[in-house]
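Sequence order for the protein chains is A and B. Going by our numbering, the residue at position 164 of the first sequence is 164; the numbering climbs one at a time, nothing skipped. Going by our numbering, the residue at position 115 of the second sequence is 373; the numbering climbs one at a time, nothing skipped.
Quick caveat, the hints were computed from the structure, so don't treat them as lab data. Any given hint could be a false lead.
Some chain A residues well away from chain B (every beta-carbon gap over 12 angstroms; in silico) [to be verified]:
(1) Q65
(2) R90
(3) R175
Ranges between beta-carbon positions, derived for each pair [what the hints assert, rightly or not]:
(4) B:P436 <-> A:L61: 51 to 57 angstroms
(5) A:Q52 <-> B:Q296: 44 to 50 angstroms
(6) B:V273 <-> A:F16: 36 to 42 angstroms
(7) B:G317 <-> A:L42: 49 to 55 angstroms
(8) B:G504 <-> A:P208: 17 to 23 angstroms
(9) B:A294 <-> A:L72: 39 to 45 angstroms
Note that beta-carbon positions come from the ideal geometry of N, C-alpha and C, so glycine has one too.
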Amino acid sequence: MTRLAGSALIVLLYAFLLIPLVAVIAASLTAGDFMRVPPEGLSLRWFARFFQRADLVEALLMSLQIAVVTTLVTSAVALMAALGSQALSRRLATWFQIGMTLPLLIPELLTAIGLLFFLYRIGLGKTVLGLQIGHIVMALPYCYVSVAAALRQIDPALDDASGSLGASGWQTFRRVTLPLAMPGLVMGAVFAFITSVDLYTVSLLLKPIGGNTLPLALFDFLTYEFSPTAAAAATMSVLLAFAGIAVIHRLVGLQRAF
Amino acid sequence: MKRRRLRLALVLPAVVLLGVFLILPYAEMVTMSFRASQPGMMYGQGYTSGHYQTVMTGGHYLEALVRSLSMALVITTICLVVSYPIAWHMSRARDRKALLLYACVASPLMIGVLIRNFGWMVMINVDGPLNRALLSLGVIDRPLRLLFTQGLVVLALVHVFTPFMVLPINNALRNINPAVLEASRSLGAGRLATFWKVILPLSFPGVQPGLILVFVLATAAYVTPALLGGQMVTLMPTLVVQTLVGTFDWPLGATLAVMMATAALVAVILFSLATHRLMERVRA
Numbered sequence: 001m002t003r004l005a006g007s008a009l010i011v012l013l014y015a016f017l018l019i020p021l022v023a024v025i026a027a028s029l030t031a032g033d034f035m036r037v038p039p040e041g042l043s044l045r046w047f048a049r050f051f052q053r054a055d056l057v058e059a060l061l062m063s064l065q066i067a068v069v070t071t072l073v074t075s076a077v078a079l080m081a082a083l084g085s086q087a088l089s090r091r092l093a094t095w096f097q098i099g100m101t102l103p104l105l106i107p108e109l110l111t112a113i114g115l116l117f118f119l120y121r122i123g124l125g126k127t128v129l130g131l132q133i134g135h136i137v138m139a140l141p142y143c144y145v146s147v148a149a150a151l152r153q154i155d156p157a158l159d160d161a162s163g164s165l166g167a168s169g170w171q172t173f174r175r176v177t178l179p180l181a182m183p184g185l186v187m188g189a190v191f192a193f194i195t196s197v198d199l200y201t202v203s204l205l206l207k208p209i210g211g212n213t214l215p216l217a218l219f220d221f222l223t224y225e226f227s228p229t230a231a232a233a234a235t236m237s238v239l240l241a242f243a244g245i246a247v248i249h250r251l252v253g254l255q256r257a258f
Numbered sequence: 259m260k261r262r263r264l265r266l267a268l269v270l271p272a273v274v275l276l277g278v279f280l281i282l283p284y285a286e287m288v289t290m291s292f293r294a295s296q297p298g299m300m301y302g303q304g305y306t307s308g309h310y311q312t313v314m315t316g317g318h319y320l321e322a323l324v325r326s327l328s329m330a331l332v333i334t335t336i337c338l339v340v341s342y343p344i345a346w347h348m349s350r351a352r353d354r355k356a357l358l359l360y361a362c363v364a365s366p367l368m369i370g371v372l373i374r375n376f377g378w379m380v381m382i383n384v385d386g387p388l389n390r391a392l393l394s395l396g397v398i399d400r401p402l403r404l405l406f407t408q409g410l411v412v413l414a415l416v417h418v419f420t421p422f423m424v425l426p427i428n429n430a431l432r433n434i435n436p437a438v439l440e441a442s443r444s445l446g447a448g449r450l451a452t453f454w455k456v457i458l459p460l461s462f463p464g465v466q467p468g469l470i471l472v473f474v475l476a477t478a479a480y481v482t483p484a485l486l487g488g489q490m491v492t493l494m495p496t497l498v499v500q501t502l503v504g505t506f507d508w509p510l511g512a513t514l515a516v517m518m519a520t521a522a523l524v525a526v527i528l529f530s531l532a533t534h535r536l537m538e539r540v541r542a
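Okay, chain A solo, but in the shape it has when bound (with noise of 0.2 angstroms):
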């Protein structure tokens, strides 16, 4: 009897975690006129009416266009950090890994407000590139955890090998450490990409004038209209996120990514 009830008890727990997920996407495929759920036959029309709103998907390309190149320079430089980090004494190390993660162990919000001084001061201020550099900031903890923890599982060994039998630096780098650390790398690229998607606040303070991420246009739709058009906003989101986790698997294995 106890038994049964910790297994209800631990079933209720993961719905509660997925819920809203499931929901979102239900609702989004709805053929009604409401938001339903569970929906009310099944259709892609509320999509189809999403690309049709002019101000969406313009967000949307923002969005799209600020998450490939927030991406790009996190992948670089944690890559570098990552490999820097390995000539560090053990205690120094510790400390960077710290500084590193620090845009994650502190809210979004004390980062995005003394963002928005900043860069006010230094003439960035309502700029598309000082959004960019909010998003950077953000993205970079994610990607260099990842990149870091692949660098760390490479024997050190192959390292020395590769420099005895007369390759160079560079050469080592990139025939031995390079491919061995890519499935990090690649993963550590889709969380930088995916929070660069969803970031909310970083953007509300730092967005330029007239700009919009898709977030923020998502918000606003969602105080004065409560339309499946939205669902389909957000489950588009979902669904980049879980191509994002397909990748990873099929290169890295869950287990190893979390």
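Chain B: place on chain A using the hints.
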């Protein structure tokens, strides 16, 4: 030697990036909180400590701060109660099952806070599945209006932060040597005694960081109260953003943000000191 120095140089871009765009902005935030306000401008000439006095004497600022901190405390507590069974269940699973459970817990992390909040809006709306189920069961005779209530904000934030609590606790539970549990059982301890005296203390290295992280993040959470809380409850983060974006009083907004961060930090330090002995004992 030269090679090592070259390698060290690779950390420079990251250090410069975070130094310039994270550390300097925090310094700027503190400086801003001492600048003079000027209506019609973001900030005025000269410096003052008047904003701190305004906040300390202005009743509704302190009220919002206390409300934010106590709400974060409630959220953190519920989060722990929800997360522990999940973490325990996960730590017992192996192979394919473990993989599936990881996916269940971690997948909400990959999806934006806004979208997860929106999911609750869909569920609890006047015409939503919760109300219709309760109506058809005859539990209620008219739909519950749950949107824009404090309870909903708590529920949604517990949902947002649960993965942050589950993952470290799960790690700590996995690190407990199964032999210890067997020893406890063979020495005659019941399941409950084993849990309270052995498992719970040994998992504390995972519980402590989980509690701290969730408390700090919950104190400064902005999106969820803004979307689901409506105008009913004034919390600190909402007040800060209103001051910055609505009235453009940057110095006052900065002061509120610094006060909020300081209050959360003090709470965390007190908690760490209070639990220091327990941590030391577990490590030994």
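Worksheet item: Is the gap between the beta carbons of P436 (chain B) and L61 (chain A) within 51 to 57 angstroms?
Response: holds (53 angstroms)
Worksheet item: If you check the beta carbons of G317 (chain B) and L42 (chain A), does the distance land in 49 to 55 angstroms?
Response: At roughly 53 angstroms between Cβ atoms, L42 (chain A) and G317 (chain B) fall inside 49 to 55 angstroms, so the hint holds.
Worksheet entry | Q52 (chain A) versus Q296 (chain B) beta-carbon gap, inside 44 to 50 angstroms or not | Roughly 45 angstroms apart at Cβ, these two residues keep to the hinted range, so it holds.
Practice prompt. Compute the least Cβ-Cβ separation between R175 (chain A) and chain B, then decide whether it is above 12 angstroms.
Written response: holds (17 angstroms)
Discussion item. Verify this label for me: R90 (chain A) is non-interface relative to chain B, using a Cβ-Cβ cutoff of 12 angstroms.
Written reply: holds (14 angstroms)
Worksheet item: Would you say the C-beta atoms of G504 (chain B) and P208 (chain A) sit inside 17 to 23 angstroms of each other?
Response: The hinted range 17 to 23 angstroms holds for G504 (chain B) and P208 (chain A), with Cβ atoms some 19 angstroms apart.
Item to complete: Note whether the CB distance of A294 (chain B) and L72 (chain A) lies within 39 to 45 angstroms or breaks it.
Response: holds (42 angstroms)
Worksheet item: Is the gap between the beta carbons of V273 (chain B) and F16 (chain A) within 36 to 42 angstroms?
Response: About 41 angstroms separates the Cβ atoms of V273 (chain B) and F16 (chain A), which means 36 to 42 angstroms holds.
Worksheet item: Taking the minimum C-beta separation from Q65 (chain A) to chain B, is that value above 12 angstroms?
Response: holds (17 angstroms)
Against the hints set out earlier in the document, no violation occurs for any number.
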